[in-house]
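The whole structure should be built from the sequences, with the hints applied where relevant.
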Amino acid sequence: MPHNCEQDCVELSFPTIEAEASIGIARISDQLAAHGMPASRADDVKIALAEAINNVVEHAYAGMPPETVRINCQMCRESLEVQILDTGNPMPGFQPPDGTPPPIGNVRQDLPEGGFGWFMIHQLTSKIQYERHNGYNRLCLWFDFSEPS
Amino acid sequence: MGLSSKTTDDTQVICVQCDRIDAAMAIQFKEDMRAETENEARRVILDLSSVEFIDSSGLGAIVASMKQLGDGRRLDLAGLHPVVEKVFRLTRMDTVFRLFASLDDALSAGST
Chain A
1 MPHNCEQDCV
11 ELSFPTIEAE
21 ASIGIARISD
31 QLAAHGMPAS
41 RADDVKIALA
51 EAINNVVEHA
61 YAGMPPETVR
71 INCQMCRESL
81 EVQILDTGNP
91 MPGFQPPDGT
101 PPPIGNVRQD
111 LPEGGFGWFM
121 IHQLTSKIQY
131 ERHNGYNRLC
141 LWFDFSEPS
Chain B
1 MGLSSKTTDD
11 TQVICVQCDR
21 IDAAMAIQFK
31 EDMRAETENE
41 ARRVILDLSS
51 VEFIDSSGLG
61 AIVASMKQLG
71 DGRRLDLAGL
81 HPVVEKVFRL
91 TRMDTVFRLF
101 ASLDDALSAG
111 ST
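Sequences listed follow chains A and B, in order.
As numbered in the numbering used here, the first sequence has no gaps in its residue numbers, which increase by one up to the final residue, 149.
As numbered in the numbering used here, the second sequence has no gaps in its residue numbers, which increase by one up to the final residue, 112.
Source of the hints: derived by calculation from the structure; they are not laboratory data.
Derived coverage of chain A by chain B (criterion: at least 3 residues anywhere in the stretch with Cβ under 8 Å from a Cβ of chain B; other residues may be distant):
hint, region
1, 15-28
2, 46-55
3, 107-113
4, 119-130
Think of the CB as a built atom: it goes at the ideal place given N, C-alpha and C, for glycine as much as any other residue.
In structure tokens, the structure reads:
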């Protein structure tokens, strides 16, 4: 770990229920800001984390009783690593979706109402890593603050 | 979830009185929008100036709100915070809706 990093600077757990996730996402953003996240990237991080955490709530625990999702952040001078741990169902094919966005055509009634979550996560992060291990899903998202958003 | 509405001539302004439209409230938002837009106003302006965060579920609920208006009626968006505008831009939904910096801008621009 580079010496200018602050490990476990933000650690949070909450139940995998939509209303709890909503509060948890807001709290992570506030705490990251307090730990020196550049204001110019705060929105990007918040959008990506919200999508990743909502996916856990909606997909990993689909048809299962809610459990606890754990978030752990490591802040460095020019980057942020966020680890999301849960015990829900694994991702299909044991890999994160590639994030192809749904097409937006000219017909109003055919406009997509979903399918943008992973597309935005891919656009906003510099690296994504997923592993399934001992019944855990471990998703890591990296944000590079030296790159313009 | 808190919508207030005022209709003048052909234009209905619906103000979202909530600081986020996210997965936890997307379905409620869509249902409340359906109830609010049962009139025949041809132009609906959604005032988002109180909304400080939106996720893809909230975005989907706004798209659904436009679809349930049916053809011939339009939904414009006003007062978007930067993070809300970013979600529209990333998903290219900024090409589907007309986005206005403020409600005043939306009202003075008219419906054409």
